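Here is what each chain is made of, one letter per residue.
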Amino acid sequence: SAVISQKPSRDICQRGTSLTIQCQVDSQVTMMFWYRQQPGQSLTLIATANQGSEATYESGFVIDKFPISRPNLTFSTLTVSNMSPEDSSIYLCSVTGQLNTEAFFGQGTRLTVV
Amino acid sequence: SQQGEEDPQALSIQEGENATMNCSYKTSINNLQWYRQNSGRGLVHLILIRSNEREKHSGRLRVTLDTSKKSSSLLITASRAADTASYFCATAPREGGGADGLTFGKGTHLIIQP
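Those sequence lines, one after another, are chains A and B. Just add 30 to wherever you are in the first sequence, counting from 1, and you've got our numbering. Just add 25 to wherever you are in the second sequence, counting from 1, and you've got our numbering.
Only chain A is shown next, with the shape it has when bound in the complex (with noise of 0.2 Å):
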């Protein structure tokens, strides 16, 4: 298993500035995830980040508003760019211990942009 501590909680922020948000694991992980869950509906996936290199975006999701960090195999950031009230949301990390099996999840960031 994994223990992900994900700061901060939760945060009220202005239009037009940035937040990052610092996952931190208790192991050593090849793949760190980051999701977006919109009020009310299910998580997506923004982008997979591996460790020495850039991190990989779905579509839908440019680094220009995602920037990701993934400086070792513990430590991973996402930053919410140039935010907007659409950008209002849950945001989790997340990791896998092996291929293929159970993912766990940090207890999100609640962020709400006013």
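Please keep in mind that the hints were generated in silico from the structure rather than gathered at the bench. Warning: the hint list may mix true and false statements.
[Unchecked claim] Anything over 12 Å on all C-beta distances counts as not near chain B; from chain A, calculated:
no., residue
1, 46
2, 56
3, 88
4, 105
5, 111
6, 144
[What the hints assert, rightly or not] Heads up, simulated DSS-like pairs for lysine-lysine below, C-alpha to C-alpha not over 30 Å straight-line:
no., chain 1, residue 1, chain 2, residue 2
7, B, 51, B, 95
8, B, 94, B, 81
9, B, 131, A, 95
10, B, 51, B, 81
11, A, 95, B, 51
12, B, 131, B, 95
13, A, 37, B, 81
14, A, 95, A, 37
15, B, 131, B, 51
[Stated by the list, open to error] Here are some, though not all, of the chain A residues that point toward chain B, as calculated from beta-carbon distances under 10 Å:
no., residue
16, 63
17, 72
18, 77
19, 81
20, 122
Please read all numbers here as calculations on a predicted model, not as lab measurements. We put the beta carbon where it would ideally sit given N, CA and C, even for glycine.
Assemble the complex: chain A is given as a structure, and chain B must be docked to it using the hints.
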């Protein structure tokens, strides 16, 4: 993008009754997983069923998988008030070797009436 549909979108039953939720997906999968989410917090893994399995049990949970119909069901027996939550199915693609993120269904919001 969303993999498929879950039904019902919302389900309200009496404590002690059984709850059944269904999930459909569109692409070939390596496995299908079910997760629970309480009040917009992080997701908790419930059970994983591989594409070559047809049924799996874990405590009060029973999951079936029909790959010919691209569908799965989650049965919670003898429901309790603490089972009130949102339930999501998620699929891991057959291709990618497990390095891809999960694709989530839309979810079922389950309410257990005491």
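Each hint tested on the structure:
With a closest Cβ-Cβ approach of about 25 Å to chain B, residue 46 (chain A) is found to remain outside the 12 Å limit, as its non-interface label requires. Residue 56 (chain A), annotated as away from the interface, keeps every beta carbon of chain B farther than 12 Å; the closest lies near 15 Å. Not every beta carbon of chain B lies more than 12 Å from that of residue 88 (chain A), the smallest distance being close to 8 Å; the non-interface claim is violated. Every CB of chain B is more than 12 Å from the CB of residue 105 (chain A) (nearest about 18 Å), matching its label as outside the interface.
For residue 111 (chain A), the requirement that its beta carbon stay farther than 12 Å from each beta carbon of chain B is met, with the minimum near 21 Å. Annotated as non-interface, residue 144 (chain A) keeps its C-beta farther than 12 Å from every C-beta of chain B; the closest such distance is 18 Å. Distance restraint check for residue 51 (chain B) and residue 95 (chain B): the Cα-Cα separation of roughly 7 Å lies within the 30 Å cut-off, and the hinted pair is therefore satisfied. With a CA separation close to 17 Å, the supplied pair residue 94 (chain B) and residue 81 (chain B) stays within the 30 Å bound.
Restraint check for residue 131 (chain B) and residue 95 (chain A): the C-alpha separation of about 25 Å stays at or below 30 Å, so the hint holds. At roughly 21 Å between alpha-carbon atoms, residue 51 (chain B) and residue 81 (chain B) fall within 30 Å of each other, so this suggested pair holds. For the suggested pair residue 95 (chain A) and residue 51 (chain B), the alpha carbons sit about 29 Å apart, so the restraint of at most 30 Å is met. A C-alpha spacing of about 15 Å is found between residue 131 (chain B) and residue 95 (chain B), which places the hinted pair at or below 30 Å, so the restraint holds.
Distance restraint check for residue 37 (chain A) and residue 81 (chain B): the Cα-Cα separation of roughly 35 Å exceeds the 30 Å cut-off, and the hinted pair is therefore not satisfied. Between residue 95 (chain A) and residue 37 (chain A) the CA atoms are separated by roughly 19 Å; this keeps the pair inside 30 Å, and the hint holds. Under the criterion of a C-alpha separation no larger than 30 Å, the hint pairing residue 131 (chain B) with residue 51 (chain B) is consistent with the structure, at around 13 Å. For residue 63 (chain A), the shortest C-beta to C-beta distance to chain B is roughly 4 Å, which falls under 10 Å, so the interface hint holds.
At a threshold of 10 Å, the smallest CB-CB gap from residue 72 (chain A) to chain B is about 5 Å, leaving the interface hint in force. The beta carbon of residue 77 (chain A) is positioned within 10 Å of a beta carbon in chain B (closest approach about 8 Å), and the interface hint is therefore held. Of the supplied interface hints, the one on residue 81 (chain A) is violated, with its beta-carbon coming no nearer than about 13 Å to a beta-carbon of chain B, more than 10 Å. The criterion of a C-beta within 10 Å of any C-beta in chain B is met by residue 122 (chain A), whose closest approach is roughly 7 Å, and the hint holds.
Hint compliance for this structure: hints 3, 13 and 19 are not met, and every other hint is.
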